[in-house]
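Construct all of the structure, not just a fragment, from the sequences and the given hints.
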Amino acid sequence: MKNIRSILGKELKSYFIAPIAYIVIAIFLLVTGWFFFSTFFLYNQASLRNFFGLLPLIFSFVIPAVTMRLFSEELHVGSYEVLMTMPVTYGEVIIGKFLAAVSFVAIMLLPTLSYAITVSLLGSLDLGPIIGGYIGALFLGALFSAIGLLASTLTRNQIIAFIIGTSICFALTLIDKMLFFLPASLLGVLENIGADFHFQNIAKGIIDSRDILYFASSSVVALYGANLVLQGKK
Amino acid sequence: MIKVENLTKYYGELCAVNDIGFQIHKGEILGLLGPNGAGKTTFMRMLTCYLNPSAGTIQVKDFNILDHPLAIKKMMGYLPENAPLYPDMIVYDYLRYVADIRGLDPKTKQARIDQLAATCSIREVMHQPIGELSKGYKQRVGLAQAMMGDPEILVLDEPTSGLDPNQIIEIREIIKKIGKEKTIILSTHILSEAEATCDRVVIIHKGKIVADSRIEELKQSLGKGSVIALAFRHAEFPALRGVLSQVAGVAAVEPGESADGILAVNVICNSGEDIRGPIYAAIKEQDWLLLEFSQQLRSLENVFRELTKEK
Chain A
92 MKNIRSILGK ELKSYFIAPI AYIVIAIFLL VTGWFFFSTF FLYNQASLRN
142 FFGLLPLIFS FVIPAVTMRL FSEELHVGSY EVLMTMPVTY GEVIIGKFLA
192 AVSFVAIMLL PTLSYAITVS LLGSLDLGPI IGGYIGALFL GALFSAIGLL
242 ASTLTRNQII AFIIGTSICF ALTLIDKMLF FLPASLLGVL ENIGADFHFQ
292 NIAKGIIDSR DILYFASSSV VALYGANLVL QGKK
Chain B
793 MIKVENLTKY YGELCAVNDI GFQIHKGEIL GLLGPNGAGK TTFMRMLTCY
843 LNPSAGTIQV KDFNILDHPL AIKKMMGYLP ENAPLYPDMI VYDYLRYVAD
893 IRGLDPKTKQ ARIDQLAATC SIREVMHQPI GELSKGYKQR VGLAQAMMGD
943 PEILVLDEPT SGLDPNQIIE IREIIKKIGK EKTIILSTHI LSEAEATCDR
993 VVIIHKGKIV ADSRIEELKQ SLGKGSVIAL AFRHAEFPAL RGVLSQVAGV
1043 AAVEPGESAD GILAVNVICN SGEDIRGPIY AAIKEQDWLL LEFSQQLRSL
1093 ENVFRELTKE K
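Sequence lines, in order, name chains A and B. As numbered in the working numbering, residues 92 to 325 make up the first sequence, in order. As numbered in the working numbering, residues 793 to 1103 make up the second sequence, in order.
For the record, the hints were derived by calculation from the structure and aren't laboratory data. Since this is a predicted model, take the numbers as computed values, not measurements. Heads up, a few of these hints could be off.
Mimicking DMTMM-like on lysine to aspartate or glutamate, the simulated pairs with C-alpha atoms at most 25 Å apart in a straight line are [stated by the list, open to error]:
id, chain 1, residue 1, chain 2, residue 2
1, A, 324, B, 811
2, B, 974, B, 944
3, A, 325, B, 873
4, A, 104, B, 805
5, A, 325, B, 944
6, A, 325, B, 906
7, B, 968, B, 859
8, A, 93, B, 906
9, B, 795, B, 873
10, B, 795, A, 267
11, A, 93, B, 892
12, A, 104, B, 892
13, B, 795, B, 859
14, B, 974, B, 820
15, A, 325, B, 859
Far from chain A, some chain B residues (derived; all Cβ distances over 10 Å) [unchecked claim]:
id, residue
16, 844
17, 848
18, 856
19, 880
20, 892
21, 909
22, 910
23, 981
24, 1001
25, 1007
26, 1008
27, 1069
In this text, a Cβ means the ideal position worked out from N, Cα and C, and glycines have one as well.
This is the structure:
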């Protein structure tokens, strides 16, 4: 546990030492802010539905950019060798880095609370979908972080890690929207694979155990995959 | 303390370490020598539990690298070649991070960092980013990192590679100082470095051990095959060979580069004994004018080259 905390602290600090964190957060706020407020007054509704509607798509690009360096950079620089010869387990390293990425996503989401505050000043805001939306955003962020982390273990090239991570996250976001040409029997099964489908359920303010189970289990699968990849390098 | 048995490592079809076995004793400074690609780094990576062997095992005290990697990692400090550290971190933060991972008591952590900063002479760069350090300082930070947990065993992969002569001497001094208390395994392909720092050397070539000897023994064995160069005037080679061949310890007499009536010969010795006296005695009885008499010991480099040359 102590090792996980040390790795988490170091990774989180590393994000903010380099300018990449500030650039990613700035781009994230700019994009979400623009898309949200550009159509907000057209709908004439005091809700963050548009913001949460766009979030999975934006996360598909932003989170792999956050996670691409987690292992790729260590493998490229060679510090991975020093790290793995210290008294730490693979599990501790993976969980420490994963929690750092999730914490970064949470920090990145914090300024967007100002959207909720602004909207609440303009009309009566239903808190259920807002709380659900943020909980769902954290779950979604965790899943995409796990996928980005897995992509980062596959290569020492950060750009390739980003492309792999983005491709998987993008596919999980859009999969349930591309099923219209499939038979109805397959639809139910494939719909459940989509991250956006489960996220939108939670963002409605309904916390369903199936959605939580989906995010938790798929995050674990991705992290276990990362563990297998790293063990395979031995 | 460390027992290596039938250790083998394959990378796909390539055999990097081929069935090697030896022991390393407590307090020993062992030099792993070998040309590039000999398998030194692969061996060190297996010893530090970074890689798993394809076959064989390494036993460190009572622990096996496959069954108890954490226990072994706690006993070991490792500095890989070129000290790959986090370039964005400042030295102080990095050492604190390593201290945390190594499980140092928070009360003694600061004192340990200060002590290592003094030992490795890195006080003046403690607040600089690692990426901005010179190679020598980076190497010293790497060394401090390896020593953080006060490990019983230090594994150093080419610790002086790429350093300037002053830095090499400084790093060697540090290694010697640490070596009084610790077991050190260091790899190098600079033989003078092994001579300056190690008690014992193991020479690896193409994944196999081709020599395993204490430095003194290696030096003693250098006499074998040493060459005595002689130059004469008024001498004929057949007669000279006839006389010198009678001397005990002479393996062969070969003609050297003769010119202007000067006959040069090389006497190849076959024992470790110094036979300059008997050779001089044999020459003295002849009516030859001796112009040159010098013994050329085989250098460590020559021994290394012979042991590791392509066959």
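- Any Cβ of chain A at or closer than 10 Å to residue 892 of chain B, or is the non-interface label fine? violated, 4 Å
- Item | 25 Å limit on alpha-carbon distance, applied to hinted pair residue 104 of chain A and residue 805 of chain B | Not satisfied, since the Cα-Cα distance of roughly 42 Å exceeds 25 Å.
- Query: Between residue 325 of chain A and residue 859 of chain B, does the CA-CA distance stay at or below 25 Å?
  - Reply: holds, 14 Å
- Assess, step by step, whether the Cα of residue 325 of chain A is no farther than 25 Å from the Cα of residue 873 of chain B, and give holds or violated. holds, 18 Å
- Non-interface label on residue 1069 of chain B, tested against every C-beta of chain A at 10 Å: Holds, since 54 Å exceeds 10 Å.
- Is the straight-line distance between the alpha-carbon of residue 795 of chain B and that of residue 873 of chain B 25 Å or less? OK: residue 795 of chain B and residue 873 of chain B at ~23 Å, within 25 Å.
- Is it true that the CA of residue 325 of chain A sits at most 25 Å from the CA of residue 906 of chain B? The hint is violated at about 34 Å.
- Within a Cα-Cα threshold of 25 Å, do residue 104 of chain A and residue 892 of chain B meet the stated pairing? Holds: residue 104 of chain A and residue 892 of chain B sit about 15 Å apart, inside 25 Å.
- Message: Just want to verify: residue 981 of chain B was marked as not at the interface with chain A; is every Cβ pair farther apart than 10 Å?
- Response: holds, 19 Å
- Beyond 10 Å from chain A, beta-carbon-wise, is residue 880 of chain B? violated, 5 Å
- Message: Minimum C-beta separation from residue 909 of chain B to chain A exceeding 10 Å: can you confirm that?
- Response: holds, 18 Å
- Query: Are all C-beta atoms of chain A more than 10 Å from that of residue 848 of chain B?
  - Reply: Fine: 15 Å to the nearest Cβ keeps residue 848 of chain B off the interface.
Checked against the numbered hints above, the structure breaks hints 4, 6, 7, 10, 16, 19, 20 and satisfies the rest.
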